[in-house]
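Whenever a hint applies, use it, and build me the whole structure from the sequences.
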Amino acid sequence: MKAALDLLRHGETTGGSGFRGRLDDPLSETGWRQMREAVRAAPRWQRILSSPLRRCADFAAVCAEAWGVPLRLDPRLMELDFGAWEGRTAAELMETDAEALGRFWRDPYAFTPPQGETMVDFERRVTAAIEDARAGEGDVLVVTHAGVMRLLLARAQGLPRARLLEVEVRHAALIRLAVARTSEPGRERAL
Numbered sequence: 000m001k002a003a004l005d006l007l008r009h010g011e012t013t014g015g016s017g018f019r020g021r022l023d024d025p026l027s028e029t030g031w032r033q034m035r036e037a038v039r040a041a042p043r044w045q046r047i048l049s050s051p052l053r054r055c056a057d058f059a060a061v062c063a064e065a066w067g068v069p070l071r072l073d074p075r076l077m078e079l080d081f082g083a084w085e086g087r088t089a090a091e092l093m094e095t096d097a098e099a100l101g102r103f104w105r106d107p108y109a110f111t112p113p114q115g116e117t118m119v120d121f122e123r124r125v126t127a128a129i130e131d132a133r134a135g136e137g138d139v140l141v142v143t144h145a146g147v148m149r150l151l152l153a154r155a156q157g158l159p160r161a162r163l164l165e166v167e168v169r170h171a172a173l174i175r176l177a178v179a180r181t182s183e184p185g186r187e188r189a190l
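Numbering (numbering that gives the first Met the number 0) for the sequence shown: 0 to 190.
Check the hints yourself; a few may be wrong.
Across the chosen pairs, the derived CB separations fall in these ranges [what the hints assert, rightly or not]: (1) P42 - A97: 40 to 48 Å; (2) R102 - G135: 37 to 45 Å; (3) A161 - R43: 24 to 32 Å; (4) T95 - R133: 29 to 37 Å; (5) P69 - Y108: 16 to 24 Å; (6) R35 - P69: 16 to 24 Å; (7) R105 - A83: 33 to 41 Å; (8) W66 - L158: 19 to 27 Å; (9) A97 - P25: 37 to 45 Å; (10) V119 - I174: 32 to 40 Å; (11) R43 - A127: 24 to 32 Å; (12) R124 - G101: 35 to 43 Å.
Worth flagging that the hints you see were computed from the coordinates, not collected in a lab. Quick caveat: nothing in here was measured; it's all calculated off a predicted structure. C-beta atoms are modelled at their ideal positions from N, C-alpha and C, and glycine is treated no differently.
Okay, structure coming up:
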């Protein structure tokens with residue numbers, strides 16, 4: 000039997016909005032409150048996996064200690080690297096790089112932010128992390144970022160790649176990544 004996977008996006012950060020990607024902002028007080036509320040009535044997990052960025056890892060460490068479960072930080076669960084767009088807001092980019100931002104929004108697989116990570120590379124590393132998480136024993140909480148969750152949820156919903164950014168993931172969203180058998184024996188897919 001495979002592990003159940005629950006995805007938890009980090010809460011609000013001190014860094015504000017915009018392309019935060021690899022920036023290591025801590026959670027704000029509101030972010031801590033959002034995350035505590037998200038897991039208050041949730042099932043307890045046998046293990047926790049987390050992005051190593053503080054906005055995820057700090058909360059994951061508190062939960063692991065409180066629940067007495069192992070925590071593993073996995074850099075493959077980090078947000079997309081936005082390259083030259085890191086720390087900038089969409090409003091700022093609309094003033095300086097509107098055409099490129101529009102291309103990214105229309106199809107993030109067809110356009111990569113300058114000096115950023117391609118969506119193909121991002122998808123490859125996230126998929127590998129989730130496959131490893133499913134291979135372990137016991138239910139797992141995965142504390143991660145909006146981009147990681149959008150990718151996994153878009154795939155689970157069967158959305159075309161170009162529609163990835165249409166998937167909404169609010170701060171501290173807790174979503175079960177369900178697994179169902181396909182018609183091919185031994186194969187599974189996310190729903």
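Consistency of the hints with the structure:
1. P42 - A97: 40 to 48 Å: Distance hint for P42, A97 holds at roughly 45 Å.
2. R102 - G135: 37 to 45 Å: At 38 Å between Cβs, range holds.
3. A161 - R43: 24 to 32 Å: Once the Cβ atoms are compared, 38 Å apart, the range 24 to 32 Å for R43 and A161 is violated.
4. T95 - R133: 29 to 37 Å: Given range 29 to 37 Å: violated, Cβ gap about 41 Å.
5. P69 - Y108: 16 to 24 Å: Violated - the Cβ-Cβ distance for P69 and Y108, about 35 Å, lies outside 16 to 24 Å.
6. R35 - P69: 16 to 24 Å: Taking Cβ atoms as reference, R35 and P69 lie about 21 Å apart, which means the hint holds.
7. R105 - A83: 33 to 41 Å: Roughly 19 Å apart at Cβ, these two residues miss the hinted range, so it is violated.
8. W66 - L158: 19 to 27 Å: This hint is violated: roughly 33 Å between Cβ atoms.
9. A97 - P25: 37 to 45 Å: Violated - the Cβ-Cβ distance for A97 and P25, about 31 Å, lies outside 37 to 45 Å.
10. V119 - I174: 32 to 40 Å: 24 Å, violated
11. R43 - A127: 24 to 32 Å: 26 Å, holds
12. R124 - G101: 35 to 43 Å: For G101 against R124, whose Cβ atoms are near 26 Å apart, the range 35 to 43 Å is violated.
Taken one by one, the earlier hints fail for this structure at numbers 3, 4, 5, 7, 8, 9, 10, 12, listed in ascending order.
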